[in-house]
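> Work the whole structure out from these sequences, hints included.
For any residue, its number in my numbering is found by taking its place in the sequence shown, counting from 1, and adding 108.
Don't take every hint at face value.
The calculated DSS-like cross-link candidates involving lysine-lysine, where the alpha carbons are at most 30 angstroms apart (straight line), are [said to hold, decoys possible]: (1) Lys613 - Lys581; (2) Lys613 - Lys724; (3) Lys540 - Lys666; (4) Lys666 - Lys698; (5) Lys162 - Lys206; (6) Lys591 - Lys613; (7) Lys394 - Lys486; (8) Lys332 - Lys139; (9) Lys601 - Lys540; (10) Lys723 - Lys581; (11) Lys405 - Lys429.
Restraint ranges, calculated between C-beta atoms of paired labels, are given here [claimed, not checked]: (12) Glu593 - Gly348: 57 to 67 angstroms; (13) Asp578 - Lys603: 22 to 32 angstroms; (14) Ala133 - Glu531: 53 to 63 angstroms; (15) Ala691 - Asn596: 19 to 29 angstroms; (16) Glu304 - Thr404: 50 to 60 angstroms; (17) Lys603 - Ala380: 29 to 39 angstroms; (18) Asn476 - Glu369: 16 to 26 angstroms; (19) Asn693 - Lys296: 50 to 60 angstroms.
Derived from the structure by calculation, the hints contain no laboratory data.
Note that the Cβ used here is the ideal one computed from N, Cα and C, for glycine as well.
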Amino acid sequence: MMKIIFLGALSTASMYFSQTFPVSAIPENLKKNANIVVRKDMTVVQINKVDDIKYQYNTVTTVLNKDGNEKAVAYIPYDKGNSISNVKVTIYDEAGRKIKSFSKSDFGDFANNPQGIFYSDNRILVFNYTPVQYPYTIDFSYQISDRNTLFIPDFVPFSSTNTSLEESEFKIINSSGIELRTKIYPSKYNYGSVIESGNGNEKTYSYKNIPAIDDALLIPQPVKILPKVSFSLTKFNLAGKQGTLNNWTDFGTWYYNNLVEPVAISTPAIKAEVASLNLQGSVEDKVKKIYQYMQTKTRYIYVGLGIGGWLPMLPDEVHKKGYGDCKGLTNYMKALLNEAGIPSYYCVINSGASQVSFDPDFPRMGGNHAILMVPTEKGNIWLENTSQQMAFNHLGYSTTDRNVLSVKKNGIELINTPAYPAEQNKEKQILKIRVGEDNSILGEGNFCYTGNQYDYNLVFTGLNPKERNDAVKRSLDILNFEKVEMKNFINDKDKALITYDIDFKANNYSKKAGNSLMFRAVPIYNNTIYKTDESRELPFEIRQSFEDEYEINFTLPKGYKIDELPEDSNLQSEFGYYTLNFAKNGDEIKVKRKIQVNKGAYPKEKYNEYVGFRKKIINIDNSKILITKI
Numbered sequence: 109m110m111k112i113i114f115l116g117a118l119s120t121a122s123m124y125f126s127q128t129f130p131v132s133a134i135p136e137n138l139k140k141n142a143n144i145v146v147r148k149d150m151t152v153v154q155i156n157k158v159d160d161i162k163y164q165y166n167t168v169t170t171v172l173n174k175d176g177n178e179k180a181v182a183y184i185p186y187d188k189g190n191s192i193s194n195v196k197v198t199i200y201d202e203a204g205r206k207i208k209s210f211s212k213s214d215f216g217d218f219a220n221n222p223q224g225i226f227y228s229d230n231r232i233l234v235f236n237y238t239p240v241q242y243p244y245t246i247d248f249s250y251q252i253s254d255r256n257t258l259f260i261p262d263f264v265p266f267s268s269t270n271t272s273l274e275e276s277e278f279k280i281i282n283s284s285g286i287e288l289r290t291k292i293y294p295s296k297y298n299y300g301s302v303i304e305s306g307n308g309n310e311k312t313y314s315y316k317n318i319p320a321i322d323d324a325l326l327i328p329q330p331v332k333i334l335p336k337v338s339f340s341l342t343k344f345n346l347a348g349k350q351g352t353l354n355n356w357t358d359f360g361t362w363y364y365n366n367l368v369e370p371v372a373i374s375t376p377a378i379k380a381e382v383a384s385l386n387l388q389g390s391v392e393d394k395v396k397k398i399y400q401y402m403q404t405k406t407r408y409i410y411v412g413l414g415i416g417g418w419l420p421m422l423p424d425e426v427h428k429k430g431y432g433d434c435k436g437l438t439n440y441m442k443a444l445l446n447e448a449g450i451p452s453y454y455c456v457i458n459s460g461a462s463q464v465s466f467d468p469d470f471p472r473m474g475g476n477h478a479i480l481m482v483p484t485e486k487g488n489i490w491l492e493n494t495s496q497q498m499a500f501n502h503l504g505y506s507t508t509d510r511n512v513l514s515v516k517k518n519g520i521e522l523i524n525t526p527a528y529p530a531e532q533n534k535e536k537q538i539l540k541i542r543v544g545e546d547n548s549i550l551g552e553g554n555f556c557y558t559g560n561q562y563d564y565n566l567v568f569t570g571l572n573p574k575e576r577n578d579a580v581k582r583s584l585d586i587l588n589f590e591k592v593e594m595k596n597f598i599n600d601k602d603k604a605l606i607t608y609d610i611d612f613k614a615n616n617y618s619k620k621a622g623n624s625l626m627f628r629a630v631p632i633y634n635n636t637i638y639k640t641d642e643s644r645e646l647p648f649e650i651r652q653s654f655e656d657e658y659e660i661n662f663t664l665p666k667g668y669k670i671d672e673l674p675e676d677s678n679l680q681s682e683f684g685y686y687t688l689n690f691a692k693n694g695d696e697i698k699v700k701r702k703i704q705v706n707k708g709a710y711p712k713e714k715y716n717e718y719v720g721f722r723k724k725i726i727n728i729d730n731s732k733i734l735i736t737k738i
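See below:
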């Protein structure tokens with residue numbers, strides 16, 4: 109058995125293992141679908157006072173192949189006030205023999221921001237190891253002391269796919285006299301469970317033998333599959349600001365008094381700025397004018413200074429410099445609205461592709477993004493303040509359909525962001541196509557996108573004409589383009605609507621068969637490869653509903669007649685529906701196609717049914733029209 113030995117008090121403790129980790133000892137079930145195997149992941153947390161917490165970490169990870177390298181990087185995020193000690197990295201070969209040891213001096217020290225240039229107190233130490241062979245094992249340990257006690261991390265088996273876990277332990281020793289609230293969230297899918305032991309002020313939580321989650325099609329994110337344990341102190345410290353966190357009212361009042369109100373400071377210049385806009389009309393009209401003005405004035409740069417990086421920049425700083433991060437830009441927009449006499453609320457949210465909400469019954473600090481909510485008689489207006497291109501009162505797919513912490517003077521209110529229905533997440537496609545005798549087609553296309561499909565097409569706004577043409581060519585690569593040109597690109601920021609036209613020529617679209625030409629009924633469609641999976645182990649998640657509506661007009665070459673049209677199709681399913689209809693008028697064929705897919709989490713037993721639904725659609729999209737020379 110593995111022994112974990114603690115020597116002396118935690119402040120001077122050295123946590124280590126009494127044996128090496130040969131790869132041959134990994135159970136076979138943990139190698140399946142895994143790029144890395146976490147052999148041991150040991151954390152000891154000692155809470156001494158409201159402003160004194162110490163973490164001891166020791167993780168042993170075996171990297172099975174090159175795809176696991178990135179997940180096994182040893183790194184230590186820290187703020188300038190943290191004390192880091194006992195940093196050690198040891199590399200072992202496949203047999204568990206030591207290759208080399210490293211210390212803190214071998215780590216690089218960087219600004220902790222993936223987006224590049226910014227201003228912040230947040231730093232990260234990173235150790236990059238270049239392996240000479242696979243598999244190898246990295247044993248990484250360190251100790252860090254922190255004065256901030258607001259962010260005790262969740263205890264989860266792992267956070268990424270293709271990672272498995274042999275054993276993990278999280279020991280928490282609370283000698284502070286402050287109540288520590290704990291909540292265990294079991295896996296909805298029985299994918300591992302947490303073992304709780306100990307009592308009073310010393311508790312240990314552990315996981316054992318958790319297999320890897322394969323990065324399969326439509327797999328929910330690991331956070332939605334795995335169990336976790338959350339922690340929150342009822343009294344906390346953040347950069348010298350202490351508060352209580354018994355409930356959302358407590359915490360919201362502290363948040364408002366320390367992170368919102370201190371930066372709600374206007375200036376004569378900001379007052380004059382708003383006055384110059386000559387605001388008129390409804391509340392919505394005024395908010396739109398201010399928002400779209402703000403977008404022209406600012407750009408996004410991450411700023412992590414002040415109260416642990418959570419304090420927004422002052423509005424005057426954003427006004428003068430023309431930049432800020434989500435906190436600063438949201439606060440600046442709030443200040444502009446205040447000057448117009450329009451109340452608004454600073455909102456903290458979990459931004460990401462998978463919808464993650466705050467637990468109403470377990471108040472704690474969280475979130476990774478800030479947006480603004482403006483209440484009106486017609487409903488809430490939601491403002492994403494970091495984008496110069498985003499439409500007014502439109503939230504992107506990374507912030508829809510989840511709750512926010514809306515910070516108010518008398519506490520936090522949990523409010524849901526909009527959930528766009530399929531009809532709103534829409535693509536409308538109109539194609540006019542001339543079929544050529546040489547198997548080519550000449551086409552004109554008009555495309556229109558709303559809702560989440562608007563978000564996916566915002567990328568075009570930052571491209572020049574050639575880049576747009578290249579991007580369209582890549583996205584519509586189902587056609588063999590000889591040339592393609594995007595024209596009339598419009599981002600309607602009032603209606604959250606993107607439209608553009610394309611002119612194109614594509615070769616080898618039809619096939620000759622004697623005096624006939626045969627070609628598919630739907631020129632542009634989604635040709636994702638769907639495969640059945642008889643051994644599917646987990647549910648699948650359709651993250652966004654959507655609706656696509658196509659109108660396709662084919663004009664035949666002179667001297668040809670319509671010989672054969674496919675039959676109309678109508679598919680109905682709990683996952684959505686699909687219709688394809690044909691009409692002929694002289695030498696023209698009109699094709700109408702409509703598909704709607706419903707978001708949701710579906711049980712694994714229905715996966716093959718969904719695959720069958722999508723395969724049928726692809727097959728029908730490939731239905732052939734036959735025309736013959738007269």
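> Each hint should be assessed against the structure and marked as holding or not.
Structure-based check of each hint:
About 11 angstroms separates the Cα atoms of Lys613 and Lys581, which keeps this hinted pair within 30 angstroms; it holds. The straight-line distance between the Cα atoms of Lys613 and Lys724 is roughly 28 angstroms, inside the 30 angstroms bound, and the hint therefore holds. For the suggested pair Lys540 and Lys666, the alpha carbons sit about 16 angstroms apart, so the restraint of at most 30 angstroms is met. At roughly 17 angstroms between alpha-carbon atoms, Lys666 and Lys698 fall within 30 angstroms of each other, so this suggested pair holds.
Restraint check: the Cα-Cα separation between Lys162 and Lys206 comes to about 29 angstroms, which is no more than 30 angstroms; the hinted pair holds. For the hint linking Lys591 to Lys613, the alpha-carbon distance of about 5 angstroms falls within 30 angstroms, and the restraint holds. Of the pairs offered as hints, the one joining Lys394 and Lys486 holds, with about 14 angstroms between alpha carbons and a cut-off of 30 angstroms not exceeded. Only pairs whose Cα atoms come within 30 angstroms are accepted, and Lys332 paired with Lys139 is accepted, the gap being roughly 22 angstroms.
A distance of roughly 27 angstroms separates the Cα atoms of Lys601 and Lys540; the hinted pair therefore holds under the 30 angstroms criterion. Proposed proximity of Lys723 and Lys581 is supported: the alpha carbons are some 24 angstroms apart, at most 30 angstroms. A hinted pair counts as satisfied when its Cα atoms are at most 30 angstroms apart, and Lys405 with Lys429 qualifies at roughly 9 angstroms. Between Glu593 and Gly348 the beta carbon distance is about 59 angstroms. The supplied range of 57 to 67 angstroms therefore holds.
Here the CB-CB span from Asp578 to Lys603 is close to 27 angstroms, well matched to the stated 22 to 32 angstroms. As the Cβ distance of Ala133 to Glu531 is approximately 55 angstroms, the hint placing it in 53 to 63 angstroms holds. The hinted window of 19 to 29 angstroms between Ala691 and Asn596 holds, with their beta carbons roughly 28 angstroms apart. Between Glu304 and Thr404 the C-beta distance comes to about 54 angstroms, which sits within the given range of 50 to 60 angstroms.
Under the hint 29 to 39 angstroms, the C-beta atoms of Lys603 and Ala380, about 31 angstroms apart, fit the expected range. Distance hint check: the CB atoms of Asn476 and Glu369 are about 22 angstroms apart, consistent with the given range 16 to 26 angstroms. Judged by the Cβ atoms, the range 50 to 60 angstroms given for Asn693 and Lys296 holds: they are separated by roughly 53 angstroms.
The structure fails none of the hints (numbered hints given earlier).
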